[in-house]
Amino acid sequence: MESTTSELYFVFLNYDPEYERLRADRTKKGAYELDSYLSRKHDELLASTLEPGSYKKTLSLVIVDGFAVEITEEQANVLRSAKGVRVVEKNQELA
Numbered sequence: 001m002e003s004t005t006s007e008l009y010f011v012f013l014n015y016d017p018e019y020e021r022l023r024a025d026r027t028k029k030g031a032y033e034l035d036s037y038l039s040r041k042h043d044e045l046l047a048s049t050l051e052p053g054s055y056k057k058t059l060s061l062v063i064v065d066g067f068a069v070e071i072t073e074e075q076a077n078v079l080r081s082a083k084g085v086r087v088v089e090k091n092q093e094l095a
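At position 85 of the sequence shown (counting the first as 1) the number is 85 in my numbering, and the numbers step up by one without a gap.
Bear in mind the hints are in silico, worked out from the structure with no lab data behind them.
Heads up, none of these hints are tricks.
Here are the simulated DSSO-like pairs of lysine-lysine, each with C-alpha atoms no more than 30 Å apart in a straight line:
| hint | residue 1 | residue 2 |
| --- | --- | --- |
| 1 | Lys28 | Lys56 |
| 2 | Lys57 | Lys41 |
| 3 | Lys41 | Lys28 |
| 4 | Lys57 | Lys90 |
| 5 | Lys41 | Lys90 |
| 6 | Lys56 | Lys83 |
| 7 | Lys57 | Lys28 |
| 8 | Lys41 | Lys56 |
| 9 | Lys90 | Lys56 |
| 10 | Lys83 | Lys57 |
| 11 | Lys83 | Lys41 |
| 12 | Lys57 | Lys29 |
| 13 | Lys41 | Lys29 |
| 14 | Lys29 | Lys56 |
Could you put together the complete structure from these sequences and hints?
What follows is the structure, given as structure tokens:
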């Protein structure tokens, strides 16, 4: 039986030429556009895949096209099969 407890997962996405183009722009404007693009892209993926209010995105990553989100194991499995998702991994603390 899968857990209904939300935990932190990292979601990494497949190659995106627009991400690569924006990431190559090292100007302040380029950094702002990259942040905005990724945040919007990640929010749209979550909204189209999971039930509203059932998750909490904690951050969008810029160095890689990915984000952190608090979700259940079942939701992680749903995201794993979503178009454009490369990998979904539960956060693990290292001792």
